[in-house]
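Colleague: Use these hints to put chain A onto chain R, whose structure you have.
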Amino acid sequence: MAARDDSRIDDDAPAKASLFYDPRFRSIVAQVVLLLLVVWGGYEIVRNTSANLEKQQIASGFGFLDRTAGFGIIQTLVDYTEESSYGRTFIVGLLNTILISALGILLATALGFVVGVARLSSNWVISRIALAYVEIMRNIPLLLHIFIWYFAVLRSLPQPRDEPITLIPGFAFLNVKGVFMPQLVSEPGFWMTATALGVALVLSMLVANWSRKRQEATGQQFPVGLTALGLIIALPAITFLATGRPASLEYPVFVETGPVLRRGFTQDVGINVIPEFISLLLALSTYTAAYIAEIVRAGIQAVNHGQTEASFSLGLRRGPTLRLVVIPQAMRVIIPPMTNQYLNLTKNSSLATAIAYPDLVSVFAGTTLNQTGQAVEIILMTMGVYLTLSISISIVMNWYNARIALVER
Amino acid sequence: MKVFAKVALGAVVATGFAGVAAAGTLDDVRAKGHVQCGVSQGLPGFSNTDDKGNWTGIDVDLCRAVAAAVFGDASKVKFTPLSAKERFTALQSGEVDLLSRNTTWTMSRDTALGLNFAGVNYYDGQGFMVRKSLGVKSALELAGAAVCTNTGTTTELNVADYFRANKLEYKVVAFEKADEVVQAYDAGRCDVYTTDRSGLAAQRLKLTAPDEHMVLPEIISKEPLGPVVRQGDDQWFNVVKWTHYAMVNAEEMGITKANVDEMKASDDPSIKRVLGTEGEFGTAIGLSNDWAYNIIKQVGNYGEVYEATVGPNTPLGLARGSNALWSQGGLQYAPPIR
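First to last, the protein sequences are chains R and A.
For the first sequence, the residue numbers in this note's numbering are 1 to 409.
For the second sequence, the residue numbers in this note's numbering are 1 to 338.
For reference, chain R alone in the conformation it holds in the complex (with noise of 0.2 angstroms):
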């Protein structure tokens, strides 16, 4: 009996499709079929590579960067000399992209914001020039602008033995060599400034805290710009003096006789910023901020005229209107295109290699690949510094644009 009941349940059973045609099968098969092909085609190249590399006798490994480098570089962070290692290149040249691209980054977002609110300007002129600007600036190539910056303004500079231009009276200089300013030099006891700074800066934001806290509480608003311009400038500077002044300003030394070689201003006083720093700045922040101007402009002009309308009807002037009202909510528009202009700010730094700013691709990528011959080991290093900056920015901007996404109740 218990047969026939069994092959009863079989007949009922709807009939079983072929394999073949079963969705489910099928995606995980053409799953595993990609991937075989994924990890073939990746050991392939790996042992195409390393079989020619080994054929043509191409030294091989990370060895290289404890070798001596033996060669100079214009501006390091660190310390650095010729008898650094490579290794030693690799974190300066690193330093000196992140310096160029986070300082591009602020300069670019200030004068690209400028720009993008001048642009909707009811001032005509003002609106013109605005858009004059960002028309000619991104119809440029990045390049030429750097050469533009460098070797056309290089050259109407003077010369390092004759007169200087005056950025800043008694202050900052300018000649054929770059800005020469006076550098903060520290003497003990300097730690305490530096710490009342860092004391006033965590009070600022405490009182920023409490302020807003009372203004939602009782509608009360308290000056708190005022207050914490006051306590970080008054509690270093107060601090500066009952310690007893302990640091001086150097100020760059130019001397104009003895041998020629030595006139001009000496070398290693004061702060030198030299002019393929300034330059490569420039270029990439006044670039950036024609596409950032733009995207300001989209963001503003995004948000609804309705929140300006009721903006005004609640009393607001046009000042806390924009800063209070339009601006928080074209930030939402604005922030993912621009994290896009900081990224390509950042990777447009390597550019840095057409003039003789000593970024990563230009020391490391550059020189120490062709004094080591180690492609393969630089270039993997390379992308990944550039990986690596990439995604942090991304991720600082994704969690800025999560903060101040529009929170629906």
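No lab work stands behind these hints, which were simulated from the structure alone.
Even for Gly, the Cβ is constructed at its ideal location relative to N, Cα and C.
Take these hints with a grain of salt, some might be off.
[Unchecked claim] If you only want the chain R side, here are some residues facing chain A, beta carbon under 8 angstroms, derived: (1) GLN57; (2) THR68; (3) PHE151; (4) ARG155; (5) GLN159; (6) SER211; (7) ARG212; (8) PHE265; (9) THR367; (10) ASN370; (11) ALA375.
[What the hints assert, rightly or not] Simulated restraints on C-beta separations: (12) A:MET214 / R:ILE395: 53 to 59 angstroms; (13) A:GLY329 / R:GLU83: 35 to 41 angstroms; (14) A:GLY135 / R:ASP66: 41 to 47 angstroms.
Modeller: For chain A alone, coordinates are given in the frame of chain R:
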């Protein structure tokens, strides 16, 4: 990490290497119908385009000589201008068959980069150029100077060594392209321009006022410049090496572009061996027996090429000096063809 590294390179250059591995360079060159030659991007006297767009120079003529040896036709050569930084990768990856780009022969390049140097077609040394107005008479007075140079060259390392050894402070401003170095030096960004002395002579012509500049007497390094091929292809290595030697031997024997046809009838066995009327020296390196005849007939002997490109009567005005034949007190010495 190492494996991962190789994945990345493979993605970039696997195709290039695969081509290299397949056949000998000589066969590849014959199949293509031309020699692909890597030269510098514009160094008067060494490799530079004239006002008609033709490449001229001592390095360029070596490429032409190789083409003459392989095809019997010196015009079957194409040029790839390369920066100092790009040159070795271009050769390693097979983008060029031969690098003839005033490249210094050093031990690390010869051993670790997978390259072979096929002789020296110009013996050079590194020097310094300064403005006359600086009033500097010796490189030892250059303490505190800003020095302009090329990245990825032995120059950059030599200048560091020199200043370090003499305990002189300096600031290096290093550019990728030679033209940018010249521009920056001309603009006054640097007090000193350093490169091989032949290079200084060549680049000086590009300055706005060449007469206001002078080359200091110090020669701070040995810079044997010569053609480079990939390691592991002896046949092609021989072709390039003996092309250069054939030109030097020809000068020594007095065989010139003009008299090479008469010389063919010479009774001198050593001349007969060079010109292929005796022995099988051409076929021994995979070429036709009149390979050297074609080189001399179409390009000239070493001395002729020198005189026409960098010699005293050219704008560069470089005396033969170390580049004279060994028999004239110089260093140019070729093993005999026999």
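Colleague: Would you say the C-beta atoms of MET214 (chain A) and ILE395 (chain R) sit inside 53 to 59 angstroms of each other?
Modeller: Holds: the Cβ-Cβ distance is about 56 angstroms, inside 53 to 59 angstroms.
Colleague: Using the Cβ atoms, figure out if GLY135 (chain A) sits within 41 to 47 angstroms of ASP66 (chain R).
Modeller: holds (43 angstroms)
Colleague: So, THR367 (chain R) near chain A? Judge it on the closest CB pair being under 8 angstroms.
Modeller: holds (5 angstroms)
Colleague: Once the shortest beta carbon distance from PHE151 (chain R) to chain A is found, is it less than 8 angstroms?
Modeller: Holds, because the Cβ-Cβ distance from PHE151 (chain R) to chain A comes to roughly 6 angstroms (cut-off 8 angstroms).
Colleague: Would you check whether GLN57 (chain R) satisfies its interface hint, that is, whether its CB is within less than 8 angstroms of any CB in chain A?
Modeller: holds (5 angstroms)
Colleague: Can you let me know if the beta-carbon spacing of GLY329 (chain A) and GLU83 (chain R) is within 35 to 41 angstroms?
Modeller: holds (39 angstroms)
Colleague: Restraint: SER211 (chain R) near chain A, CB-CB cut 8 angstroms. Satisfied or not?
Modeller: violated (50 angstroms)
Colleague: Going by Cβ atoms only, is ARG212 (chain R) closer than 8 angstroms to chain A?
Modeller: violated (49 angstroms)
Colleague: With a cut-off of 8 angstroms, does the beta carbon of ALA375 (chain R) approach a beta carbon of chain A closely enough for the hint to hold?
Modeller: holds (6 angstroms)
Colleague: Regarding the hint that GLN159 (chain R) lies at the interface with chain A, is the smallest CB-CB distance below 8 angstroms?
Modeller: holds (5 angstroms)
Colleague: Given THR68 (chain R) as an interface hint, is the shortest Cβ-Cβ distance to chain A below 8 angstroms?
Modeller: Violated - the Cβ of THR68 (chain R) stays beyond 8 angstroms from chain A, reaching only about 10 angstroms at its closest.
Colleague: With a cut-off of 8 angstroms, does the beta carbon of ASN370 (chain R) approach a beta carbon of chain A closely enough for the hint to hold?
Modeller: holds (3 angstroms)
Checked against the numbered hints above, the structure breaks hints 2, 6, 7, 8 and satisfies the rest.
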